[in-house]
Amino acid sequence: MSLFVTAAVLMMMAFALLGPVSARLAQSSWVTRAPRSAVVLWQSIGLSAIASGIGAGLAVAVSRYHAGFAPGMRELVIGLVGGHPLLGLGLPDALGLTLAADLLIVLFVVFGSLMARTIRSRARHRRLLNLLARESPQYPGTELIEDIRPVAYCLPGRRPRIVMSDGALQLLSSHEARAVIGHEQGHAQEHHGLVMLPMLGLQKLFAWVPYARLAPVEIASLLEMSADDYSSRRNDPHHLAAALVLMATSGHVPSCSLGATGAAIPIRVERLLHASRNSKRTALATGFIAGAVISAPLALMFLT
Amino acid sequence: MNRLGELERKVMDVLWGSAKTPLAGREVADQLPDRAYTTVLTILDRLRRKGLVTRTTVGRSHRFAASDTRESYMAELMIEAMGDSGDRGAVLVRFAESVSSDEAQVLRRALDDVTNDGEHHR
Numbered sequence: 217m218s219l220f221v222t223a224a225v226l227m228m229m230a231f232a233l234l235g236p237v238s239a240r241l242a243q244s245s246w247v248t249r250a251p252r253s254a255v256v257l258w259q260s261i262g263l264s265a266i267a268s269g270i271g272a273g274l275a276v277a278v279s280r281y282h283a284g285f286a287p288g289m290r291e292l293v294i295g296l297v298g299g300h301p302l303l304g305l306g307l308p309d310a311l312g313l314t315l316a317a318d319l320l321i322v323l324f325v326v327f328g329s330l331m332a333r334t335i336r337s338r339a340r341h342r343r344l345l346n347l348l349a350r351e352s353p354q355y356p357g358t359e360l361i362e363d364i365r366p367v368a369y370c371l372p373g374r375r376p377r378i379v380m381s382d383g384a385l386q387l388l389s390s391h392e393a394r395a396v397i398g399h400e401q402g403h404a405q406e407h408h409g410l411v412m413l414p415m416l417g418l419q420k421l422f423a424w425v426p427y428a429r430l431a432p433v434e435i436a437s438l439l440e441m442s443a444d445d446y447s448s449r450r451n452d453p454h455h456l457a458a459a460l461v462l463m464a465t466s467g468h469v470p471s472c473s474l475g476a477t478g479a480a481i482p483i484r485v486e487r488l489l490h491a492s493r494n495s496k497r498t499a500l501a502t503g504f505i506a507g508a509v510i511s512a513p514l515a516l517m518f519l520t
Numbered sequence: 218m219n220r221l222g223e224l225e226r227k228v229m230d231v232l233w234g235s236a237k238t239p240l241a242g243r244e245v246a247d248q249l250p251d252r253a254y255t256t257v258l259t260i261l262d263r264l265r266r267k268g269l270v271t272r273t274t275v276g277r278s279h280r281f282a283a284s285d286t287r288e289s290y291m292a293e294l295m296i297e298a299m300g301d302s303g304d305r306g307a308v309l310v311r312f313a314e315s316v317s318s319d320e321a322q323v324l325r326r327a328l329d330d331v332t333n334d335g336e337h338h339r
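These protein sequence lines are chains A and B, in that order.
First residue of the first sequence? That's 217 in our numbering, and the numbers climb one at a time after it.
First residue of the second sequence? That's 218 in our numbering, and the numbers climb one at a time after it.
Heads up, some of the hints might be wrong.
List time: in silico SDA-like cross-link candidates among lysine to any residue, alpha-carbon distance up to 20 angstroms [stated by the list, open to error]:
| no. | chain 1 | residue 1 | chain 2 | residue 2 |
| --- | --- | --- | --- | --- |
| 1 | B | K227 | A | R340 |
| 2 | B | K267 | A | R249 |
| 3 | B | K227 | B | Q322 |
| 4 | B | K227 | A | V326 |
| 5 | B | K267 | B | S318 |
| 6 | A | K496 | A | R249 |
| 7 | B | K227 | A | E362 |
| 8 | A | K420 | A | H282 |
| 9 | B | K267 | B | M291 |
| 10 | B | K267 | A | R336 |
| 11 | B | K267 | A | K496 |
| 12 | B | K227 | A | K496 |
| 13 | B | K227 | A | L347 |
| 14 | A | K420 | A | V326 |
| 15 | B | K267 | A | S352 |
| 16 | B | K267 | A | S337 |
| 17 | B | K227 | B | A253 |
Computed list of chain A residues with no C-beta within reach of chain B, every gap over 12 angstroms [unchecked claim]:
| no. | residue |
| --- | --- |
| 18 | M228 |
| 19 | G235 |
| 20 | W246 |
| 21 | V293 |
| 22 | I294 |
| 23 | P308 |
| 24 | L313 |
| 25 | V325 |
| 26 | P426 |
| 27 | R429 |
| 28 | R450 |
| 29 | A458 |
| 30 | L460 |
| 31 | L500 |
| 32 | G507 |
Distance windows between CB atoms, simulated [claimed, not checked]:
| no. | chain 1 | residue 1 | chain 2 | residue 2 | range |
| --- | --- | --- | --- | --- | --- |
| 33 | B | R265 | A | V325 | 33 to 43 angstroms |
| 34 | B | Q322 | A | F518 | 19 to 29 angstroms |
| 35 | B | S284 | A | H407 | 32 to 42 angstroms |
| 36 | A | S245 | B | G222 | 27 to 37 angstroms |
Honestly, the hints are just simulated from the structure, not real lab data.
In this text, a Cβ means the ideal position worked out from N, Cα and C, and glycines have one as well.
Assemble the whole structure, with the sequences as input and the hints as a guide.
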């Protein structure tokens, strides 16, 4: 019976992580003092919820062995390998296995197709850049596109591309441009494209799950702060703050659909203007919580 | 950018430069004096398979034209770069989103407070 309790607790944990815990974290302000650890925390919440869901299914499935989770799993695997996995399978066992298998399949299909789509659209953008962008003579490693609207971005990939428009270069002093390039190099060096890869598209698909709605936006703005930090270790943060204000207020119409990310600009400027923007203690504590979040379902499974 | 990409771009520039008049492979090659004729033909064929170039056949000779103007590719690039496509997949991270004009004022003032203390100003 106790495995059913384990399963129930695991399920509750998955719901709590994807719901109230995510909502709470999205409203916390301390995350801006340790953006990189906060990203890890968001990731471990997602992984832990997935592990809990699959674990709950497995716990139900192995309950018929009356041997606890780990020995039960061994019996189940032996049964599967031995080719008679359905021998003596009752209704709860079947339901449990179905839940675990369904979760795995949905995850593979959904994430696989979402990531494939993102990778394809990145490749298309790369081809456009190949045709249209020119290497900057002034800033090696940066490509220029001819447009008066000021933009600067990093296209993720095995070889990330850092792109600026003529408009951005006209708007910024050379110090500010260097600070912006440093920010984009931060995205490239810290592989932020990979971090975002499983997050993109989640919002639309699972809008009813708070985690899926919040995590992509929150992680995106935390990564911006992390890239700000990267640039600030190499350039004067005031130049970056100035560039941020200039670019954000350069006059083209704000895109309302992305209001959530636009709100991060004042916070980022605020951070850059203060020397104590990061706290080692917050980072350490956040990392500790992330570790606890990820090990909780595993501990629960293997201790029963 | 790799050498092949560089060459593709040069060939496209030639085609875009000739406005709407399709060019023969020889005419394209003439504008790229440091490239062999056969290389240019290979590139034109690659670009055609990618859908960037269209080929028309007049009698026994082929003529090549860009499938679309440089401006329309540029527009597509900028739509993605500005994050207006609704698909944030390609360009992960634009440096700065736009803020409202109220926020803009607050930001400028905050920045002035700091920069007025000395060191840097434009």
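Here is how each hint holds up against the structure:
1. B:K227 <-> A:R340: 19 angstroms, holds
2. B:K267 <-> A:R249: 47 angstroms, violated
3. B:K227 <-> B:Q322: Between B:K227 and B:Q322 the Cα gap is close to 45 angstroms, so the pair fails against 20 angstroms, i.e. violated.
4. B:K227 <-> A:V326: 40 angstroms, violated
5. B:K267 <-> B:S318: This hinted pair is violated, its Cα atoms lying about 43 angstroms apart.
6. A:K496 <-> A:R249: 8 angstroms, holds
7. B:K227 <-> A:E362: 16 angstroms, holds
8. A:K420 <-> A:H282: Roughly 42 angstroms between the alpha carbons, so the hint for A:K420 and A:H282 is violated.
9. B:K267 <-> B:M291: 17 angstroms, holds
10. B:K267 <-> A:R336: 14 angstroms, holds
11. B:K267 <-> A:K496: 50 angstroms, violated
12. B:K227 <-> A:K496: At roughly 51 angstroms apart (the allowed maximum being 20 angstroms), A:K496 and B:K227 break the hint.
13. B:K227 <-> A:L347: Roughly 8 angstroms separates the two Cα atoms, so the pair holds.
14. A:K420 <-> A:V326: 12 angstroms, holds
15. B:K267 <-> A:S352: The given pair, whose Cα atoms are some 27 angstroms apart, is violated under the 20 angstroms limit.
16. B:K267 <-> A:S337: 15 angstroms, holds
17. B:K227 <-> B:A253: It holds: about 13 angstroms lies between the C-alpha atoms, which stays within 20 angstroms.
18. M228: About 33 angstroms separates A:M228 from the closest Cβ of chain B, which puts it past 12 angstroms; holds.
19. G235: Check passes; 24 angstroms lies beyond 12 angstroms.
20. W246: 21 angstroms, holds
21. V293: The claim holds: A:V293 sits with its nearest Cβ about 38 angstroms from chain B, beyond 12 angstroms.
22. I294: With a cut-off of 12 angstroms, A:I294 remains clear of chain B, as the shortest Cβ separation is near 43 angstroms.
23. P308: Holds, since 41 angstroms exceeds 12 angstroms.
24. L313: Consistent with the label, A:L313 stays out of reach of chain B, its closest Cβ about 34 angstroms off (over 12 angstroms).
25. V325: Holds, because the least Cβ-Cβ distance between A:V325 and chain B comes to about 18 angstroms, which exceeds 12 angstroms.
26. P426: Its Cβ never comes within 12 angstroms of chain B, the nearest being 19 angstroms, so this holds.
27. R429: 14 angstroms, holds
28. R450: At about 16 angstroms from chain B, A:R450 clears the 12 angstroms cut-off, so the statement holds.
29. A458: 6 angstroms, violated
30. L460: Not fine: 5 angstroms to the nearest Cβ puts A:L460 too close to chain B.
31. L500: About 27 angstroms separates A:L500 from the closest Cβ of chain B, which puts it past 12 angstroms; holds.
32. G507: Fine: 27 angstroms to the nearest Cβ keeps A:G507 off the interface.
33. B:R265 <-> A:V325: 33 to 43 angstroms: 35 angstroms, holds
34. B:Q322 <-> A:F518: 19 to 29 angstroms: 57 angstroms, violated
35. B:S284 <-> A:H407: 32 to 42 angstroms: Roughly 35 angstroms apart at Cβ, these two residues keep to the hinted range, so it holds.
36. A:S245 <-> B:G222: 27 to 37 angstroms: The hinted range 27 to 37 angstroms is violated for A:S245 and B:G222, with Cβ atoms some 45 angstroms apart.
The structure is inconsistent with the numbered hints 2, 3, 4, 5, 8, 11, 12, 15, 29, 30, 34, 36, although it conforms to all the rest.
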